[in-house]
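These protein sequences, in sequence, are chains E and X. Residues 4 to 195 in my numbering are what the first sequence spells out, letter by letter. Residues 4 to 195 in my numbering are what the second sequence spells out, letter by letter.
Keep in mind that the hints were calculated from the coordinates and are not lab data. Take the hints with a grain of salt, since some may be wrong.
It does not matter which identical chain is meant; a pair holds if it fits inside one copy or across any two.
When the alpha-carbon atoms are kept at most 16 angstroms apart in a straight line, the in silico EDC-like pairs for lysine to aspartate or glutamate are as follows [unchecked claim]:
#1 Lys148 x Asp183
#2 Lys194 x Asp143
#3 Lys195 x Asp183
#4 Lys148 x Asp191
#5 Lys195 x Asp9
#6 Lys62 x Asp143
#7 Lys62 x Glu108
Number of protein chains: 2
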Amino acid sequence: MMKTSDKRSDVVQAALELIAEKGFHGAPMAEIAEKAGVGAGTIYRYFENKDILITELHKELEAKITAALLDGYPVEQPLRERFLYAMREVFRYFITYPLHFRYMEQYFNSPYGITLHRDRLLGKSGDPDILMDIFEQGADQQVLKALPTSVLFSIAFGSLTLLMRDHIIGFISLDNHLIDGITEACWDAIKK
Amino acid sequence: MMKTSDKRSDVVQAALELIAEKGFHGAPMAEIAEKAGVGAGTIYRYFENKDILITELHKELEAKITAALLDGYPVEQPLRERFLYAMREVFRYFITYPLHFRYMEQYFNSPYGITLHRDRLLGKSGDPDILMDIFEQGADQQVLKALPTSVLFSIAFGSLTLLMRDHIIGFISLDNHLIDGITEACWDAIKK
DNA sequence: CCTCAAGGAGTGAATATTCATTCCGGAAGG
DNA sequence: CCTTCCGGAATGAATATTCACTCCTTGAGG
Numbered sequence: 004m005m006k007t008s009d010k011r012s013d014v015v016q017a018a019l020e021l022i023a024e025k026g027f028h029g030a031p032m033a034e035i036a037e038k039a040g041v042g043a044g045t046i047y048r049y050f051e052n053k054d055i056l057i058t059e060l061h062k063e064l065e066a067k068i069t070a071a072l073l074d075g076y077p078v079e080q081p082l083r084e085r086f087l088y089a090m091r092e093v094f095r096y097f098i099t100y101p102l103h104f105r106y107m108e109q110y111f112n113s114p115y116g117i118t119l120h121r122d123r124l125l126g127k128s129g130d131p132d133i134l135m136d137i138f139e140q141g142a143d144q145q146v147l148k149a150l151p152t153s154v155l156f157s158i159a160f161g162s163l164t165l166l167m168r169d170h171i172i173g174f175i176s177l178d179n180h181l182i183d184g185i186t187e188a189c190w191d192a193i194k195k
Numbered sequence: 004m005m006k007t008s009d010k011r012s013d014v015v016q017a018a019l020e021l022i023a024e025k026g027f028h029g030a031p032m033a034e035i036a037e038k039a040g041v042g043a044g045t046i047y048r049y050f051e052n053k054d055i056l057i058t059e060l061h062k063e064l065e066a067k068i069t070a071a072l073l074d075g076y077p078v079e080q081p082l083r084e085r086f087l088y089a090m091r092e093v094f095r096y097f098i099t100y101p102l103h104f105r106y107m108e109q110y111f112n113s114p115y116g117i118t119l120h121r122d123r124l125l126g127k128s129g130d131p132d133i134l135m136d137i138f139e140q141g142a143d144q145q146v147l148k149a150l151p152t153s154v155l156f157s158i159a160f161g162s163l164t165l166l167m168r169d170h171i172i173g174f175i176s177l178d179n180h181l182i183d184g185i186t187e188a189c190w191d192a193i194k195k
């Protein structure tokens, strides 16, 4: 039987919207509950506390992003094409779901994200990262600059972050043409 | 007359350290006061409220950074050299004062910073920005890619941000050699 | 079919905590 | 004394979290 309303996902959606727009501290549980059309206590039936709600939401978003990235990924193409594809795809995903970007940004710039980032760099996270793979292969094949993998990553993704921000506040418009130019520029940065 | 202890700067220093390490919400006024060796009420003799303390601190840091960047800036050199100099100098400054980096990052990722950023992009801020000048000239002289100024900026500074982060958590070590490699990579990204 | 009791989802007022800010008594210095 | 500067307890607002209670649904028994 199809439930017409799933309170848990109502809560998740409300939390996503509020936190993405106003930050963790601009999103009191009471407001999340109200926006979800749910009693304040109901949230605690699904999430032990606010922290868990926050990290759970992060995990869900990350799974979606990974899925989107994997879908149509040109495994057989040369490195350059795979890199360009991945960058463009991430741009596209975040442009389609700006709330997801804002949320991930909030999460990343918070104690949660800091420790996650540290663990990830140290390889303590299970999931194989497409981008990291590209950079490592590039190092082996000597088509990329002789810089540490994580540096190559930062060069590509640091740009993406600031650009997405400017796009979301409406200062630039990331259309396909501009995205192509940007991803090519990033490729120039990392290629030998 | 030289005061041996200037409470105002004690407060500023304490706030800088606490906020840089734990964020705005991890730095209660009471704790700032304690760290500064000052009564909680004393802070309010110098700063009307927490918001003002925060923005004031931001202004002071920004002034220092601008000064450091301007000092020794090779005005007469070609664009490429000026760009490399500016990038390296910013890296060096933040490596010397990691707390300043962390603070600026916090500020930037907060309601304060968002509006500041918007104003700056719209040119509503008085100070002429060295980096922006470089990019604009580069566009005129056609030595840079035909991308909007703000995009060129994001490519360079987005990278810098993530890299500084990795440096501060100790995952990479930004020595002079690595910094040179990175700034060259950024130049490759933006040059035609 | 109808009744009704059990179980669990859902609620939101009450509670406990955490802060920013205020305020007043007192120290320091003139 | 008087003025300026401090300190830190007191205050009040904002919040996360709890919990006693109210439905609803379900299905066993008649």
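Okay, the hints, checked on the actual structure:
no.	hint	result
1	Lys148 x Asp183	between (21 angstroms within a copy, 12 angstroms between copies)
2	Lys194 x Asp143	within (13 angstroms within a copy, 26 angstroms between copies)
3	Lys195 x Asp183	between (19 angstroms within a copy, 15 angstroms between copies)
4	Lys148 x Asp191	both (10 angstroms within a copy, 11 angstroms between copies)
5	Lys195 x Asp9	neither (51 angstroms within a copy, 53 angstroms between copies)
6	Lys62 x Asp143	neither (31 angstroms within a copy, 45 angstroms between copies)
7	Lys62 x Glu108	within (13 angstroms within a copy, 24 angstroms between copies)
In the structure shown, a violation is registered for the earlier hints numbered 5, 6, in ascending order.
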